[in-house]
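Protein sequences appear in the order of chains U and Y.
Be aware that the first sequence starts at 16, since it is given in the numbering used here, and climbs by one per residue.
Be aware that the second sequence starts at 16, since it is given in the numbering used here, and climbs by one per residue.
It cannot be assumed that every hint is accurate.
No distinction is drawn between identical chains; accordingly, a pair holds when it is met within one copy or between any pair of copies.
Dumping the calculated DSSO-like pairs for lysine-lysine here, alpha-carbon to alpha-carbon at most 27 Å [as the list claims (entries may be wrong)]: (1) Lys-91 with Lys-207; (2) Lys-37 with Lys-343; (3) Lys-103 with Lys-91; (4) Lys-340 with Lys-21; (5) Lys-111 with Lys-33; (6) Lys-33 with Lys-346; (7) Lys-91 with Lys-111; (8) Lys-103 with Lys-346; (9) Lys-91 with Lys-282.
Think of the hints as simulated: they come from the structure by calculation, not from any bench.
There are 2 protein chains.
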Amino acid sequence: MPELRKDPIIGRWIIISKERGKRPTDFIVEKNPSKGGFCPLCPGNEKTTPPEVLSYGRSAQKANQPGWSLRVVPNKYPALVIEGDLGKEGEGLYDKMNGIGAHEVIIETPNHDEAFTDLSHERMIEVFWAYRDRLRDLSNDPRFRYVMVFKNYGSAAGASLEHSHSQLVALPILPRMIVSELEGSLSYYKYKERCVFCDIIRQEIDQDVRVVIQNDHFITITPYAPRSPFEMWVLPTKHSSCYTAMDDDQFHSLTSIFAETMTRLDKCLPGVPYNFVLHTSPLRAQPLEHFHWHFEIMPKLTSIAGFEWGSGFYINPTPPEDAAKYLKEIKL
Amino acid sequence: MPELRKDPIIGRWIIISKERGKRPTDFIVEKNPSKGGFCPLCPGNEKTTPPEVLSYGRSAQKANQPGWSLRVVPNKYPALVIEGDLGKEGEGLYDKMNGIGAHEVIIETPNHDEAFTDLSHERMIEVFWAYRDRLRDLSNDPRFRYVMVFKNYGSAAGASLEHSHSQLVALPILPRMIVSELEGSLSYYKYKERCVFCDIIRQEIDQDVRVVIQNDHFITITPYAPRSPFEMWVLPTKHSSCYTAMDDDQFHSLTSIFAETMTRLDKCLPGVPYNFVLHTSPLRAQPLEHFHWHFEIMPKLTSIAGFEWGSGFYINPTPPEDAAKYLKEIKL
Numbered sequence: 016m017p018e019l020r021k022d023p024i025i026g027r028w029i030i031i032s033k034e035r036g037k038r039p040t041d042f043i044v045e046k047n048p049s050k051g052g053f054c055p056l057c058p059g060n061e062k063t064t065p066p067e068v069l070s071y072g073r074s075a076q077k078a079n080q081p082g083w084s085l086r087v088v089p090n091k092y093p094a095l096v097i098e099g100d101l102g103k104e105g106e107g108l109y110d111k112m113n114g115i116g117a118h119e120v121i122i123e124t125p126n127h128d129e130a131f132t133d134l135s136h137e138r139m140i141e142v143f144w145a146y147r148d149r150l151r152d153l154s155n156d157p158r159f160r161y162v163m164v165f166k167n168y169g170s171a172a173g174a175s176l177e178h179s180h181s182q183l184v185a186l187p188i189l190p191r192m193i194v195s196e197l198e199g200s201l202s203y204y205k206y207k208e209r210c211v212f213c214d215i216i217r218q219e220i221d222q223d224v225r226v227v228i229q230n231d232h233f234i235t236i237t238p239y240a241p242r243s244p245f246e247m248w249v250l251p252t253k254h255s256s257c258y259t260a261m262d263d264d265q266f267h268s269l270t271s272i273f274a275e276t277m278t279r280l281d282k283c284l285p286g287v288p289y290n291f292v293l294h295t296s297p298l299r300a301q302p303l304e305h306f307h308w309h310f311e312i313m314p315k316l317t318s319i320a321g322f323e324w325g326s327g328f329y330i331n332p333t334p335p336e337d338a339a340k341y342l343k344e345i346k347l
Numbered sequence: 016m017p018e019l020r021k022d023p024i025i026g027r028w029i030i031i032s033k034e035r036g037k038r039p040t041d042f043i044v045e046k047n048p049s050k051g052g053f054c055p056l057c058p059g060n061e062k063t064t065p066p067e068v069l070s071y072g073r074s075a076q077k078a079n080q081p082g083w084s085l086r087v088v089p090n091k092y093p094a095l096v097i098e099g100d101l102g103k104e105g106e107g108l109y110d111k112m113n114g115i116g117a118h119e120v121i122i123e124t125p126n127h128d129e130a131f132t133d134l135s136h137e138r139m140i141e142v143f144w145a146y147r148d149r150l151r152d153l154s155n156d157p158r159f160r161y162v163m164v165f166k167n168y169g170s171a172a173g174a175s176l177e178h179s180h181s182q183l184v185a186l187p188i189l190p191r192m193i194v195s196e197l198e199g200s201l202s203y204y205k206y207k208e209r210c211v212f213c214d215i216i217r218q219e220i221d222q223d224v225r226v227v228i229q230n231d232h233f234i235t236i237t238p239y240a241p242r243s244p245f246e247m248w249v250l251p252t253k254h255s256s257c258y259t260a261m262d263d264d265q266f267h268s269l270t271s272i273f274a275e276t277m278t279r280l281d282k283c284l285p286g287v288p289y290n291f292v293l294h295t296s297p298l299r300a301q302p303l304e305h306f307h308w309h310f311e312i313m314p315k316l317t318s319i320a321g322f323e324w325g326s327g328f329y330i331n332p333t334p335p336e337d338a339a340k341y342l343k344e345i346k347l
């Protein structure tokens with residue numbers, strides 16, 4: 016059973032994933048996701064993954080068979096396990112609980128060679144629907160407090176399979192970054208009676224130096240104080256704290272802006288590894304006046320991350336105004 | 016002039032280093048520090064670095080000439096600049112100030128091929144003295160609030176030069192990680208009237224499952240909730256909030272335990288890239304009952320850091336109890 020442990024000084028929770036237990040000799044040199052060979056995410060190989068929890072594009076009678084356009088399966092090597100109770104306990108001054116949670120893989124396309132930026136509008140919108148459907152389903156489990164949805168692209172960003180996919184992790188705790196955003200935005204709200212993200216959007220549209228693109232419901236900006244070069248945020252222009260509250264029209268709008276954002280990034284920095292992470296309100300939260308859901312996209316360009324990761328102190332060689340300009344100037 | 020900018024949501028400060036300004040085409044594939052060729056840190060090349068601010072081993076009359084055993088010079092490509100005033104100002108809802116600070120390189124040995132773990136006791140203690148002497152000197156500048164001392168080893172950890180060196184950055188703000196530790200340890204102190212680090216040390220000695228080594232004044236542990244496999248902390252066993260308060264005996268003791276700690280790490284995971292960072296009290300702070308200075312050593316073994324870096328949510332495949340056991344069992 017994996018274990019969730021809390022740092023007693025700063026309160027950060029981490030997962031000790033014993034099942035993935037690594038001895039010194041298990042740490043091998045970083046390599047690219049294997050090209051060619053057997054792919055467990057490809058159609059025809061459905062039996063090699065745990066049974067699917069969601070699929071689109073074919074009837075439910077034919078579960079775990081080809082014919083799907085998108086498929087969600089539990090991770091075969093999960094960081095957390097779904098069965099069991101939380102078992103919260105202390106160990107002297109330390110706090111821990113069982114590593115209960117869900118860890119799922121969203122297979123974004125049946126085509127092995129189709130990259131995220133190659134997906135058609137019809138295919139990419141299914142990815143965003145799948146995030147919503149899994150968030151809704153997992154919110155029914157009272158043990159879970161948060162679902163972290165993310166995508167790693169490229170081995171330098173942590174991807175171990177080539178076939179285009181994203182992941183989600185349902186957690187019995189709130190991750191530290193979300194706690195910081197909830198607390199920080201609440202303290203701004205108490206002072207100003209306004210959402211800090213809404214204020215940011217207003218100022219960004221007004222200044223127009225960090226806006227990459229905007230459409231009817233969304234805006235992509237390079238944030239004012241970015242941790243990494245070419246970091247981008249995609250936000251709904253109208254206030255909303257919860258991803259799953261989007262209507263049909265908004266899903267189409269999100270898909271369009273996301274596709275264009277990632278295409279611009281890829282044309283600007285061909286093949287760049289990246290992570291994107293969905294920041295939304297905790298499961299079962301009422302609509303929040305102070306918090307604003309969004310995606311954060313972080314290209315992995317600098318190798319200095321190790322130190323910055325340890326110190327919380329970031330040096331960024333590319334002003335976000337320059338990054339926005341390069342991204343806007345890309346010819347599509 | 017570089018710029019310090021604050022994230023308006025979570026309050027994190029970052030540096031925009033325009034002088035290092037990078038266009039998309041400047042981001043090249045990560046590579047190992049160049050082997051052979053010209054080294055600006057080698058004896059004989061003193062004129063190619065900015066004039067030294069500290070040296071050991073030869074008379075001051077011969078500054079910037081060979082004969083030194085350790086040398087500290089300003090970084091030729093600094094992330095922050097030393098001249099100017101802070102120029103704090105707002106930009107709508109955003110906050111910024113000039114990128115005032117010091118960025119220095121501690122050249123740990125005149126021998127190009129001597130790795131940190133090869134340093135003799137006499138040479139390594141000079142590194143720790145240099146940290147103290149620069150901390151003391153920089154604390155006289157009222158613009159600075161914190162000095163971050165760190166070492167990057169290996170290109171994956173951000174090192175761009177092969178010649179053994181560490182770095183320091185003097186800052187007009189407190190880095191986020193230090194703020195978190197100061198606040199977290201203060202809140203523990205208010206509740207318990209004890210230093211959380213002292214309590215950790217007591218429990219670690221008592222449980223004896225995460226202690227790597229201990230000597231007369233120091234202890235090396237693998238922390239209970241480590242972010243990365245084989246993360247280690249080196250702490251003084253007796254309470255002290257400030258690195259510069261160490262006496263002679265303690266410097267010798269620190270040097271011994273640090274040398275053995277890094278040798279054990281290197282024998283366990285040969286050539287592993289790592290970062291270490293000194294966590295000490297803010298400049299000019301009175302002795303603090305709640306904060307305890309220490310080093311954090313973070314090997315860079317997992318490539319998944321990108322996502323974790325963005326979410327504050329870490330998955331660690333190696334329990335610290337296992338890591339401590341492997342490190343202890345190494346034959347020296």
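- So which hints don't hold here, by number, going up? Checked against the structure, the hints that fail are numbers 1, 8, 9, while the rest are satisfied.
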